[in-house]
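Chains as they are written, first to last, in full-length UniProt numbering: chain A, 1 to 197; chain B, 1 to 867.
Rather than coming from a laboratory, the hints here were simulated on the basis of the structure.
One should not assume that every hint holds.
Said to hold, decoys possible - Under 10 Å between C-beta atoms, here's a sample of chain B residues computed to sit facing chain A:
id	residue
1	M1
2	F6
3	V9
4	F13
5	L17
6	L19
7	A21
8	E22
9	E41
10	E43
11	A48
12	H49
13	F55
14	L576
By construction, the Cβ of each residue, glycine as well, lies at the ideal position given by its N, Cα and C atoms.
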Amino acid sequence: MRHGDVTVLLQRLKGGDESAGEALFEVVYGDLHDRARRMLGSGAGHTLQATALIHEAWLKLDHAGSDPGDRGHFLAIAAKAMRSVLVDHARAKSAAKRPDSRQRVLLDEALAVYADRVPDVLELNDELDRLAELDARLARIVELRFFGGLSIAETADVMQLGHATVERGWQSARAWLASRLGPDGAGPKGAPGADGQ
Amino acid sequence: MDSSGFRRVREAFEAALALPAEARVDAVRSALRDDPDLAREAERMLAAHATDERFLEPPSAETLVDLAHRHETHVVLQPGAHIGGFELVRPIGAGGMGEVWEARQESPARSVALKALRSGLGTERSRRRFEEESQVLARLSHPGIAKVLASGVLEGPEGGPPRPWFAMELIEGARPLTAFARELPLRRRLLLLREACVAVQHGHLRGVIHRDLKPDNCLVDLEGRVRVIDFGIARATGETDLSLTAGGELLGTLGYMSPEQVLGLSEGIDVRTDVHALGVLLYHLLTGRSPWISDSSSWTALAKEVCERDPEPPSRLVPSLSRELDWVTARAMAKEPDRRYASAQDLADELGRYLDHQPLHAGPPSATYAARKFVRRNRAWVVGGAVAATLLLLGSAGTGWGLYKSVERGRELEARGIELETERASAVAARADAEAARAQAEERLERAEMLNRFLNTMLRGANPLGVTTTTSSESTVGEMLDRAASEVMRAFPGQSVLEADTRLLIGLSYYGQGRYESAQEHIEGARQIFADLLPERAFEWVRASRLLATLRGRRGDHAAAAQDLLELRGLAHGYLDDTYPELAAIDSDLAWALQESGQLTESIPYAQAARDRFVEFGPEFSPMAATAASHLARATRVLGDDEATEAAYRSARELIVGAYGPLSVQAGVAASNLGTFLFGKGRNAEARELFEEAIAILQIELDGDHPTVATLLYNLGGAVYELGELEESERISIACLEMNERLWGPDHSETLDAVASLGLVQIELGQFDEASVNFERAAVGRSAQLGPDHRRTVYARARALEARGLADPGSAAAVDAAVELDELYQHCLEVSGPAASSTQTVAAAGLRLASGTARGNRDLWAERVIE
Chain A
1 MRHGDVTVLL
11 QRLKGGDESA
21 GEALFEVVYG
31 DLHDRARRML
41 GSGAGHTLQA
51 TALIHEAWLK
61 LDHAGSDPGD
71 RGHFLAIAAK
81 AMRSVLVDHA
91 RAKSAAKRPD
101 SRQRVLLDEA
111 LAVYADRVPD
121 VLELNDELDR
131 LAELDARLAR
141 IVELRFFGGL
151 SIAETADVMQ
161 LGHATVERGW
171 QSARAWLASR
181 LGPDGAGPKG
191 APGADGQ
Chain B
1 MDSSGFRRVR
11 EAFEAALALP
21 AEARVDAVRS
31 ALRDDPDLAR
41 EAERMLAAHA
51 TDERFLEPPS
61 AETLVDLAHR
71 HETHVVLQPG
81 AHIGGFELVR
91 PIGAGGMGEV
101 WEARQESPAR
111 SVALKALRSG
121 LGTERSRRRF
131 EEESQVLARL
141 SHPGIAKVLA
151 SGVLEGPEGG
161 PPRPWFAMEL
171 IEGARPLTAF
181 ARELPLRRRL
191 LLLREACVAV
201 QHGHLRGVIH
211 RDLKPDNCLV
221 DLEGRVRVID
231 FGIARATGET
241 DLSLTAGGEL
251 LGTLGYMSPE
261 QVLGLSEGID
271 VRTDVHALGV
281 LLYHLLTGRS
291 PWISDSSSWT
301 ALAKEVCERD
311 PEPPSRLVPS
321 LSRELDWVTA
331 RAMAKEPDRR
341 YASAQDLADE
351 LGRYLDHQPL
361 HAGPPSATYA
371 ARKFVRRNRA
381 WVVGGAVAAT
391 LLLLGSAGTG
401 WGLYKSVERG
411 RELEARGIEL
421 ETERASAVAA
431 RADAEAARAQ
441 AEERLERAEM
451 LNRFLNTMLR
461 GANPLGVTTT
471 TSSESTVGEM
481 LDRAASEVMR
491 AFPGQSVLEA
501 DTRLLIGLSY
511 YGQGRYESAQ
521 EHIEGARQIF
531 ADLLPERAFE
541 WVRASRLLAT
551 LRGRRGDHAA
561 AAQDLLELRG
571 LAHGYLDDTY
581 PELAAIDSDL
591 AWALQESGQL
601 TESIPYAQAA
611 RDRFVEFGPE
621 FSPMAATAAS
631 HLARATRVLG
641 DDEATEAAYR
651 SARELIVGAY
661 GPLSVQAGVA
671 ASNLGTFLFG
681 KGRNAEAREL
691 FEEAIAILQI
701 ELDGDHPTVA
711 TLLYNLGGAV
721 YELGELEESE
731 RISIACLEMN
741 ERLWGPDHSE
751 TLDAVASLGL
761 VQIELGQFDE
771 ASVNFERAAV
781 GRSAQLGPDH
791 RRTVYARARA
801 LEARGLADPG
811 SAAAVDAAVE
821 LDELYQHCLE
831 VSGPAASSTQ
841 TVAAAGLRLA
851 SGTARGNRDL
861 WAERVIE
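If we strip away everything but chain B, and leave its shape as in the complex, we get (with noise of 0.2 Å):
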């Protein structure tokens, strides 16, 4: 036969088909009349057709499996067989584990269902522990389990391996418990899975874990009652927890893993584990369907899911449901043991008290619990496992996120959590579906890299206790968080926690990169929701206030800020408990707003509190510690006790040293505020030093415009100039104010002290109209800030009139500088009293302007200055 033969025979048989069976066999003869052989042909693949169906028959994933099964099955079982004292009668299903028999027991009469199980018994050990749990089993007596009334080996065949059987009550009648409670009232099937929850109680209370709780091992019997059969089974016969599902079930099982027995950790199974099954049960009877969407043809989609997607909330599904129903099954099914109930029973009380009409111990579920708690935890790198993959819903937020460069710094810290994935992916590797465990592990390590990589810049930010950094390219962290910034909104639409915690996060990633607006409408919005979950959300609301206290003084206002936050400290006790460093961080906050805004004396209790808790919280802390103990050094400062100032800064940039390295931005300056300690003790060597090297390290790691270095630059270009190095001083203070100005723009505090601070220096370069114009507007700005007659106004206006006299002393100008100059002494003398430090200020540079000038009483304004 030839192709053109083999498409006459073709066409004649599928002409065949259409018709009906009895009239085929004459259409192809008929049709190849001409030709006997193709006939014969024809008529052969009508009767292949006729009598094979499951010829070629396409595999499903299911038949593989079951014929794999009866492939390796090595002992044939059939009716009449006795097996122990029971005879097969009939098989009454087959699965995964393996076959099962209604069996006749002779004494007593009775049927029982007969479980021999697929795989074998390969090795003694196993076959000890196998005899050992089923004693343990068949000790459990409970009326909602099926009892084990009796176990044993089927010696293998040639020396293969034995299988393990089980003799269980029969259950008569049985349906699964979706499959009955199918059409009940909502009462009544929260009361069957209570009974459920308190049946697998009873094994769990007996050392026995089920690991393969399901519809069809729940099951509900002719009076209604639930009986769980298959307790505890898959560990007697020794079965990982993955092939012990790999039956026909395999994929209707996986949907009730958890995720800790999906991952193949076997040491994390518990009776949590059976909580999940629970809670999985639950939800299939609250709206009828799976948790999961996944298309279960896909294993590692199903996987992944399992391990990584909340579902979706029941009452979503079902609209009638109570929004506490969805509390109870996130809880219970939550990817976290630690998140669950901690066992069956506070299931079932937990349903109690809906069914009472009580209130119930969970809450609204947080699907952001990891992010949560990686922020509450502050600077506790560690991403692993279910965090990992919880973290993984706000990686998906921000897919921009994977174009933010690698920080140098964090190389380190990312290295450990990527050590702890690898770990686990290892771990993940030794189980069974080993190549897909892999990829899946690969994929989250990807993908928490980059996350990590992302908080990494965010938790580096995240230290708003005085020294904030940005490690990078601001314009490239920048665009990274404005673009997740305008996707969290969208990202989460009608999740508010979701919203508010990412938002805080953004929040606080922009206040790491001293954008300080943005910080600020982020965080408000996120504080604003969280008001609303309190006090289930005390924490993030009372950090959210902190940063919106302290973003107050960042942004100029200290002493509102310290306001804000001697409010917040009292109403933060009240929610939190001394365990958490949120209140050690309010302490160290307000230290600082105090001295910020001159109350240096009242913010050592607190700096003192602060720095002395952190260093209890441990090397995770020191960081902050170190923050604490620079806002102590400040204020001992003032108090004159040097030696513990001293002690106090260097112990503080050990600190910084020690967590950020000594190249570190903190490090940076924390030499500056040692040096600028040292240099005003006169200790001008040792503090140029440290300028230079502060200097040397800022200048690598801070490129951009950023408050900090402002700050410094306005430190280094005094501390220059108190040296003498003017130019230098002069290059330093224009740099400064122009990058204030940048910064804040024209009228702020920080621009203003820039400006005064040239002013001083181009005085002392003899540049006199240029520094008379700067102290003009530098008192100008000061005097609608402070008053007329706050010191640093009165400053500001002394030295604009002094050097506007000496710019040319010859001039009327210099003689109306001068009067002014004492019309302003006598007001301050009026106001605040001659030892003051405003009228002292006047004093100094009515004498300054008098000896310069020879113009005015050199003598009056000697006497006037009080040494």
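Chain A with its partners taken away, still in its complex shape (with noise of 0.2 Å):
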């Protein structure tokens, strides 16, 4: 990814381009793709290159613009982009589809990380998109915090929201999504751990 097509997309994005944010989703998305394919090419330690996927993905958020809300704007569609990813991938697993194997490891792996913490991430990424129907920024609050691995603080920087507030909304919206996927829940249930299927 292109430091320079970031910033102007970021530019766009800030001066109210909604396409910037697409595009923007895009390069992101596109750069971890790349960066899995990368890193598994050279053959080292599986585990090293998760490890790494994911402190890449937020590496590139430093570089992306001293200006803090354009961090805060990369921020989220970072977070948006490794959802999109995760899920993507646990799509293809579900429909034993194998596109290519090496891959499929590398984001196994990615995703036996957020497994543990989420029966289904499939599940999870339906009921997300019902939470963002009820309250949009509880859906977003939970993916910076989870899928962008934002702390409350970083959180409450990116949204511009109180502390307090971020803190609120996080609990609810994980109580409710725990209510909706967890076992005790009305939803349908998913297998614990990363090979459930």
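The two chains are supplied separately, each in an independent frame; assemble them into the complex guided by the hints.
Structure (structure tokens):
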């Protein structure tokens, strides 16, 4: 990913250009995919690759722009990208598609990281969409916190909300999602663990 | 449920959370009593909130990695399982490398630590290596090393890769070294580290490098003895050094890695890699913290720091610590393995010396070692790896350097540095963290390029053996230098060695620019610092001293320069052996200074020695060899050995063209030198060609005021005069004079030479009044510098009188001039004798005046002239 592109897109996004958000997402998304492929190509230890994938995705954010506003936008988009990558992969797995066995291993690992915290990434994805309909702000908090790995403070910063607001919102969203995904919830259950299928 | 319903649920839920747990359900029921569906929703949320703490917990880097591991574990270990002759009892640890279990051995009956590694042995080859290595490990036997008792592999299910395991001594109640030592007195801490060094040395002597020394692997048992665990396991399992530590301890371990490990240079890993880790441990023991300041969440930043930043000296964090311990840690943790202690034993011995209050082997750390080495090598353009990394210290000091325009002729050399960087980049990129490494390499490459360009210019100028050049628009280079010079003082506050190194480089660069005053200021500043660091920094001190001495010559006082250099020569041979080209450089500069002050014969042995030594040093030094050859040629010419002289000039020119290219300034000067010689031998056509070549080159290359241009203009004007092209010669002479005045001011010897040469042309052109004024000016100036009776003073005075007389032959002034000239002759006769060159110049002038004006006694003057 060329930082120049990102900077321009961020500028456009700030200027209210909605299409720039999509374009930016494409850039980040594509970058994550490329990154995953390249790392696998190097033939080194899997685990580090998974870590590096995540770290690198985050690392990009530091370079995106010195303007805190830019950074916020970028964090949000990176979180969205992570969500999308993982969901795509989970979807491919459940459809028993094996596009690239080596890439699968990497994304399996990345997915495993999340799978321990949520029974089923696909379910979570669906429920997050539902939550967004009920309360878009809560859904964003989840996206930033869970997929973006941001702390409460960072999330508050990005969303320009108070610390307490984010904290309460996070608890509500989490509880609501858990009630629908967890064992006692009303929603469909996913098998726990990474190799859940 | 719609969004307004959800809002109510949410509000009820959040309000309830503020209450004690047992009151919450009632609270939401009460708040939502009008809508049982919403109330149930809120209740479910409360239940979910209470039961599942981990749900959606944002993953930290550590947990991400941990979980990935668990996912990858193919063989599940459980209590009661039997592995080899061991029965698993309970897990006692898990980390990046795998799981550690307490296990029971039946015979002999004892508890052991069984470590089942995470990674599989995928190939037959890796399996064989594991078996070989584990045999080596089993032979390690030292009280400071936890013994490997047995090893084997667990076959994976469904043909999955087998997992290697080791059974090791279980060290009861072990604590990490750093944790154990926290409250101990300094002496005890150092003794513990020395113990660790000795244990590590034992492994080294048996060909095993630990590769992963860190507090968790350097334990202290209940008896207070150091026990190193996991010795050599990294290699036995064929892990790359990065993935070895890819576990939850990734970030913790990275902080104990050496630069060569971080860069993934597996071929660069040897015992000194462990020395580095021991250095980090030492640092930790001394200060209670890691040497690295990077936030551990940023892998790349930390890796960069490990590779590029010298840590804060421990004594700055803990003022009670001795500076000597700063030196020991700096040496143990040096970025380049060559600069570290050569072995763990050396570090142990050094600690022993410190504890015994004996002098240490380590000296004050020098942050710009690489830059120093760069200078020492003089023309080693190789900028690679750690050298480049360290050089970046300098790069960051001059942010404006990036503006500096690329130097055409430096490209080839830059390309060499870039090639190396690229090579390294691709080697690094082949490693695990490919993208981060590549980005890092690219950034380094970029900065190295920038620095390369800067150093290129500097070292181009670092040839102060007579040929100095500037290679780009002077204003640009000059601005860059001025900025660098002003920054260096505040860039390295309190870091005098760094300041000295940088100021020396900047001084050299000014020198190359011909800005001798600025050069002197910075080199003098550097030399004072180096003088305090003798003999450790003898090389730099000698170099700075030589440059200062030579600068005196460059600024006009050649005799003093020769004297200084002669003294320095004696001192330098006491500090440096003859593997230092610097000694040859002194000889070369000395030859030059002697020649400039008229001691041509004396200069020959120095010029000869310098040339021969530089040729021996190899092609890197051919520019210097060429310069020394030029000095030699100049001197042999005086001896009258025309053949040797011409050979010397031609070989010098060849060396220069080879080193700098045919269109370089240096090649221009060489052409000019050879041309001057040939012209003196009456080989006019050849000489003329060489001069024209030199002019063509230099007009392009040196378009500003520059001492070298001024000198060449002077020579050229003289040559053209001899060729009879008087108007052309006058034009050149005027340009030469003006440049010298701008460069040196009106009274400098160079300026006076130009004044005199212009006067000469003016006499031939019949511009006697102007000639008279110019020669008189030269005479006054030279008298002040050289004395009234010096040949050159007398010459100028005689030519001034001659011109005055010729200006208006019939005038009284002409008569006066003739009389004065006669008096001057008598005076010279008295002081120097009839055949002295000064006396003869007066005689020749008198004869010309008498011939031109038919005044004075022509025959008398003719008699005075000795053929």
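Against the structure, the hints come out as follows:
1. M1: 7 Å, holds
2. F6: 4 Å, holds
3. V9: Holds - the Cβ of B:V9 comes within 10 Å of chain A, reaching about 8 Å at its closest.
4. F13: Holds, about 6 Å.
5. L17: 6 Å, holds
6. L19: 14 Å, violated
7. A21: At about 13 Å, which exceeds the 10 Å cut-off, the nearest Cβ of chain A leaves the hint on B:A21 violated.
8. E22: Status violated, d = 17 Å.
9. E41: 7 Å, holds
10. E43: 9 Å, holds
11. A48: 3 Å, holds
12. H49: With a minimum Cβ separation of about 4 Å from chain A (threshold 10 Å), the hint on B:H49 holds.
13. F55: 5 Å, holds
14. L576: 46 Å, violated
In terms of the numbered hints stated before, the structure departs from hints 6, 7, 8 and 14, listed from lowest to highest.
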